[in-house]
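Here's the letter readout for the chains.
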Amino acid sequence: MQIPYTVEPRPDTGLHNAKIGIWLFLASEVMLFGGLFSAYVLLRTGSIVWPEGSSILSVPIGTFNTMALIASSVTMVLSWAALKMNDLSKFKMYMFFTYFLGLVFLIVKVVFEYLPKFEHHLYPSESTFLAIYFTLTGLHALHVLVGVIVNIYFWGPGSKMWETEPERFTNRVEVAGLYWHFVDLVWIFLFPVLYLL
Amino acid sequence: MDNLESIQKHIRNYIMVFGALAILTVITVGASYLQVGVVSAIVIAVIIATIKGSLVASIFMHLLSEKKFVYILLGVTALLFLVLMFVTLFTVNDQVGIHVS
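Residue numbers (numbering that gives the first Met the number 0), protein chains in the order written: chain A, 0 to 196; chain B, 0 to 100.
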């Protein structure tokens with residue numbers, strides 16, 4: 000069965016179906032992270048003492064990872080722009096940097112943040128701060144991992160679609176990009192809230 | 000925005016936004032070292048994060064030139080998000096944990 004409106008916009012919404020789908024999904028993601036942010040506010044305002052994030056977490060590492068995600072966001076949008084200019088090799092280069100920076104983020108998170116915490120017996124059960132820290136950053140890291148997998152697919156086997164349906168492939172990359180930018184957006188708020196306040 | 004010239008103009012914008020995001024990240028970290036109260040620190044951090052988030056959403060996610068359907072969807076989402084954030088205010092009069100003799 001042919002999937003309708005993969006390239007041409009639907010007459011009622013003016014959007015192709017994948018774009019409607021991703022925005023609906025991102026709306027649900029806003030509520031998911033929103034619920035957890037709300038839980039953070041409740042826990043923080045309800046506690047008698049709350050540690051300063053920088054006394055437990057490394058601000059330089061957090062800043063480095065913020066820069067990595069921001070850079071990956073710009074390479075993601077540049078990969079889409081490369082397709083718009085019919086340049087597949089540039090697309091592949093920018094997409095490589097996008098998932099590479101995503102992997103850098105994850106490796107830094109696990110090797111330089113999570114593992115040292117566990118070595119010092121700083122588990123989520125240790126304090127309310129660590130519980131919400133691991134919940135929020137763990138869920139976010141899971142999103143980064145999914146994004147990396149999707150981007151590797153479009154960089155590798157998924158890019159074959161460019162030969163047969165270039166416009167549909169470009170739309171797919173745009174949709175993957177919207178997801179990736181959202182993941183970046185969530186981190187932009189997570190970083191100051193957890194590390195700096 | 001499908002013609003080549005338009006795309007190249009957008010690419011310049013993307014690079015400029017990247018620069019702005021990097022500078023704002025440095026400002027966020029720098030501002031956290033200011034000797035201000037907790038409330039002021041939260042306000043400063045949230046304002047900078049909101050500016051950064053708006054740049055990502057409007058330029059990278061192309062929300063500046065989206066279709067009406069997306070704006071309606073995001074409007075409803077924003078409203079429900081605010082409800083989620085402020086629903087905890089109902090706990091102000093919560094008596095849990097308070098022992099009355």
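Among these hints, one or two may not hold up.
Unchecked claim - Quick list of in silico lysine-lysine cross-link-like pairs, DSSO-like style, CA-CA up to 27 Å:
no., chain 1, residue 1, chain 2, residue 2
1, B, Lys8, A, Lys116
2, B, Lys8, B, Lys67
3, B, Lys8, A, Lys91
It is worth saying that the hints were derived from the structure and are not from the lab.
Here is what the structure says about each hint:
1. Lys8(B) - Lys116(A): violated, 45 Å
2. Lys8(B) - Lys67(B): holds, 24 Å
3. Lys8(B) - Lys91(A): Since the Cα atoms of Lys8(B) and Lys91(A) sit roughly 21 Å apart, the hinted pair holds (cutoff 27 Å).
The structure shown violates just one earlier hint, number 1.
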